[in-house]
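Student: We have chain D; now place chain X onto it with these hints.
The residues making up each chain are set out below.
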Amino acid sequence: MRIEMPTIERNVNKQPISKRKRTGIKEFLYQLKQQKTLLLMCVPFIIWLIIFKYLPIWGWVIAFQDFKPARGIFEQEWVGWEHFKFLFTAPEFYRVLRNTLAMSIINMVLGFVTAISLAILFNEIRNMPFKRVAQTISYMPHFLSWVVAASIVSHALSLEYGIINTVLLKLGIIQEPILWLGVGHYFWGIIGAAEVWKNVGWNAIIYLAAIAMINPQLYEAAEIDGAGRLQRIWYITLPGMKPVIVILLIMNMGYILESGFEPQYLLGNPMNIHYSENLDIFVLRYGISMGNFSLATAAGIFKTVISFIFLFAANHMAKRLGQARLF
Amino acid sequence: MIKTKALPFRLKKKISKRKLTTEDIIFDTCNYLFMILLIIVMLYPMLNQLAISLNDATDSIRGGIYLWPREFTLQNYQHVLGEAHILQALFISVARTLIGTVISVFCTAMVAYTLSRQEFVLRKPATILFVLTMYFHGGLIPTYLLIRELGLIGSFWVYIIPNIIGVFNLIVIRSFIDGLPNSFIESARIDGAGEFTIFLRIVMPLSLPVLATVSLFVAVWQWNSWFDVFLYNSSHPHLTTLQYELMKILQNTNAALAQRSAVDAFAGSEAQGGNVVTPMSIRATMTIIVSVPIILVYPFLQKYFVKGMTLGGVKE
Numbered sequence: 001m002r003i004e005m006p007t008i009e010r011n012v013n014k015q016p017i018s019k020r021k022r023t024g025i026k027e028f029l030y031q032l033k034q035q036k037t038l039l040l041m042c043v044p045f046i047i048w049l050i051i052f053k054y055l056p057i058w059g060w061v062i063a064f065q066d067f068k069p070a071r072g073i074f075e076q077e078w079v080g081w082e083h084f085k086f087l088f089t090a091p092e093f094y095r096v097l098r099n100t101l102a103m104s105i106i107n108m109v110l111g112f113v114t115a116i117s118l119a120i121l122f123n124e125i126r127n128m129p130f131k132r133v134a135q136t137i138s139y140m141p142h143f144l145s146w147v148v149a150a151s152i153v154s155h156a157l158s159l160e161y162g163i164i165n166t167v168l169l170k171l172g173i174i175q176e177p178i179l180w181l182g183v184g185h186y187f188w189g190i191i192g193a194a195e196v197w198k199n200v201g202w203n204a205i206i207y208l209a210a211i212a213m214i215n216p217q218l219y220e221a222a223e224i225d226g227a228g229r230l231q232r233i234w235y236i237t238l239p240g241m242k243p244v245i246v247i248l249l250i251m252n253m254g255y256i257l258e259s260g261f262e263p264q265y266l267l268g269n270p271m272n273i274h275y276s277e278n279l280d281i282f283v284l285r286y287g288i289s290m291g292n293f294s295l296a297t298a299a300g301i302f303k304t305v306i307s308f309i310f311l312f313a314a315n316h317m318a319k320r321l322g323q324a325r326l327f
Numbered sequence: 001m002i003k004t005k006a007l008p009f010r011l012k013k014k015i016s017k018r019k020l021t022t023e024d025i026i027f028d029t030c031n032y033l034f035m036i037l038l039i040i041v042m043l044y045p046m047l048n049q050l051a052i053s054l055n056d057a058t059d060s061i062r063g064g065i066y067l068w069p070r071e072f073t074l075q076n077y078q079h080v081l082g083e084a085h086i087l088q089a090l091f092i093s094v095a096r097t098l099i100g101t102v103i104s105v106f107c108t109a110m111v112a113y114t115l116s117r118q119e120f121v122l123r124k125p126a127t128i129l130f131v132l133t134m135y136f137h138g139g140l141i142p143t144y145l146l147i148r149e150l151g152l153i154g155s156f157w158v159y160i161i162p163n164i165i166g167v168f169n170l171i172v173i174r175s176f177i178d179g180l181p182n183s184f185i186e187s188a189r190i191d192g193a194g195e196f197t198i199f200l201r202i203v204m205p206l207s208l209p210v211l212a213t214v215s216l217f218v219a220v221w222q223w224n225s226w227f228d229v230f231l232y233n234s235s236h237p238h239l240t241t242l243q244y245e246l247m248k249i250l251q252n253t254n255a256a257l258a259q260r261s262a263v264d265a266f267a268g269s270e271a272q273g274g275n276v277v278t279p280m281s282i283r284a285t286m287t288i289i290v291s292v293p294i295i296l297v298y299p300f301l302q303k304y305f306v307k308g309m310t311l312g313g314v315k316e
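Chains D and X, in that order, give the protein sequences.
Going by the UniProt record's numbering, 272 is the number at position 272 of the first sequence; the sequence numbering is gapless.
Going by the UniProt record's numbering, 30 is the number at position 30 of the second sequence; the sequence numbering is gapless.
Quick caveat, the hints were computed from the structure, so don't treat them as lab data.
Watch out, some of these pointers could steer you wrong.
[Stated by the list, open to error] Some chain D residues close to chain X (C-beta under 10 Å, calculated; not the full set):
{"id": "1", "residue": "Leu97"}
{"id": "2", "residue": "Met128"}
{"id": "3", "residue": "Ile137"}
{"id": "4", "residue": "Ala150"}
{"id": "5", "residue": "Gln175"}
Since we're looking at a predicted model, the values are computed, not measured.
Beta carbons are placed, not taken as given, at the ideal position from N, Cα and C, and that holds for glycine.
One chain only, chain X, in its complex shape:
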């Protein structure tokens, strides 16, 4: 590597105040234009879906809705949220996200604590057992058969129990606990605290930052899951989630759109008179409902995510 001595202060100032060259101006202009394009590409699709969801369903068929609804209405939302099975799916989505996150984070942290104890006899073998499963797993069919044998199909717990411990999260939490000063734990032990008390009263509160990060990982994952619903509970309508319901709508419209032109596909619903919703509007409305929780929280949470990613990567 080339070694350079620190520049004298005056010279440094000179550089930063130097006049922009033509190359700089062209480069910066292009870069900023590109960034604006990037922002548009990332945001436009969501805003477009929002506009369609807020626009009158039959009017949307005419097309040409970009960023702003042409005939504003909340009817789509009324219709979607008025459907019993969508409300039920919303309930299941929220329940699996909350219950799944609480159970998973608590149990993962507990195991992470035991694996971080240097003197624990099972520390090495248990760590290896857990980490191996990151690279080695039975695959779709054997897992499906196991879940079936265990009688978890058609049960809410199929969303929670198979996902109690996330190995990546386990490593993230363990490396954080490893970094805590040992003296906290030692002094608590001298005071007569048992392992579980130490975990609950000392390690958990000290690990709040990493537990927040992992909770977010788990919560987003639980909220976004649809495949296990599809695999295990697709014939149990009372246990499906919002993502799964959106997936079904998507598959239906995909099939319709692929076969005929969209106008033909949607014409039927207009002719029925009383029916004011179309697959396109329902899809847009569902898309917004499903993404709103994440879009609302993620700007606040992104720094945790990024931190969690680096934490997991460093020690792995």
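Just chain D, same shape as in the assembly:
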């Protein structure tokens, strides 16, 4: 670096004096004028961004007000931390928080294990056309909307026609069909399974990419040393994927309060509400359905703040471990 410095300075000196003199604000204004087309192409969208993405953040003040929709945002009655106090003392809030955390952790663990396993199994298929077909079909559900996925799940779980009940009955595992969506404590498992069904193929892509980076000579060497298939998976494939697994795990920590909204909302019903309602649905129910904007905003702020803390902690951890990081 030090060797290069003089050359740069010399170049600067060579520039015409008139150009060099323009500094600071003058230079900035000159450039603005020069780049007016670029500005025209960009600034309207920055204004759009400020209106649609940054203005709502100001809306957070209504969590500290007793928001009445008829009045303007500055004519509201200020109540301080009242809504937060109500939130943190409501037993319902802890149930909602429990559901959010539970479903989020189940989704994360299940999602990782299944996607990693699937990637390894894909990698072991030698028949390329079959591999391609299997892979293509495995991520089809990812592109379907959650409405379609939920419709399929609820049909598969239904009492009379559901394929799950039919198979379990025929195998003799259960004696009577189960009303899966009607029993609260099955709900977390159903959501986990639905998430896996929808996304496992898609999530496996990144691990397959990681496996493709492993040096093939390692496998050849292991084979000569007499390592079997499972040993090669255990001692070469898995360690080779470790960096990707670690960084994705850390990054996902930041989304600990994002247990998803659509599947829970679409598959939830009055019979499983004690297990299905999560923070997002809570916000929707209080905010839009009951019109309690202030309380719902307070819950939303709580979620964002916790998510942010986790996100920064995860980013810091990734940095410390020398892994690629989020930002």
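Tutor: Just chain X now, kept in the frame of chain D:
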């Protein structure tokens, strides 16, 4: 990391032709069986819905329809597509997908181009402003209030305007433009082309692969959306989309199924005589109609999706 020298050619050949061990055979058998199971699990539900949608509605109540319709009929489709509000929803779905994709991709590409210009004065601050919103947003209620204040509720544009720029797509396109050789742009500038002309005539055509990828992202997202319909336009029936209509059917049947056994729930419609559709058949038919566009295109498009994902991930 263990370093191994390249194997001599003859040895390599020996390995690949080596006899399969018992472990290999067991492993491969299990693996292939598992893959077949996987394919069945992924495909069966869709095929089952297809069979039900093609089966006589009252006959479907008897159950036992798996992969093949028992009493083939197109009546379900006739009924669903004959309903005015479903046709209207189909129209809105198509319109929002087309208009939303065109506007969003064009505008996102334009901003991406300006942010890729090294000399652009707003490059750094604007990039930061955009990227921050990926991690920081107001949340449901403030956004809802804003949309209401802007008078977008009850308007078609609520599907388009709030979604003009997707930040993830912006990063994907920008990193692609960053990779284009600068000389193209320089020579056009020397020839006297303005920034907008360069963007339109040079950058856009050169970026076609990434624009195709992003268009697909946006189109699938627009087609699959239902939550903004539910939130902003649920009391404006002429503006609802197919996904939203399916969502309503799903919620109704869910509630019915959760309360009583399905046969009871559907018995009413059979007794009415003239009414030949049941919630189950309508739901299956709608499910197929809503998914057909995606199922038809996605095998052709998957390589773009995968490429787009890696493109976005690398430079982020």
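Student: Decide, hint by hint, whether the structure agrees.
Tutor: For each hint, the structure was consulted:
1. Interface restraint check for Leu97/D: the shortest CB-CB distance to chain X comes to about 16 Å, outside 10 Å, so the restraint is violated.
2. For Met128/D, the suggested interface contact is broken, since its CB lies about 13 Å from the closest CB of chain X, more than 10 Å.
3. Taken as an interface hint, Ile137/D checks out: its beta carbon lies about 5 Å from the nearest beta carbon of chain X, inside 10 Å.
4. The closest approach between the C-beta of Ala150/D and any C-beta of chain X is roughly 6 Å, which is under the 10 Å cut-off, so the hint is satisfied.
5. Checking Gln175/D against chain X: minimum C-beta separation of about 17 Å lies over 10 Å; hint violated.
Going down the numbered hints, you'll see the structure goes against 1, 2 and 5, while the others check out.
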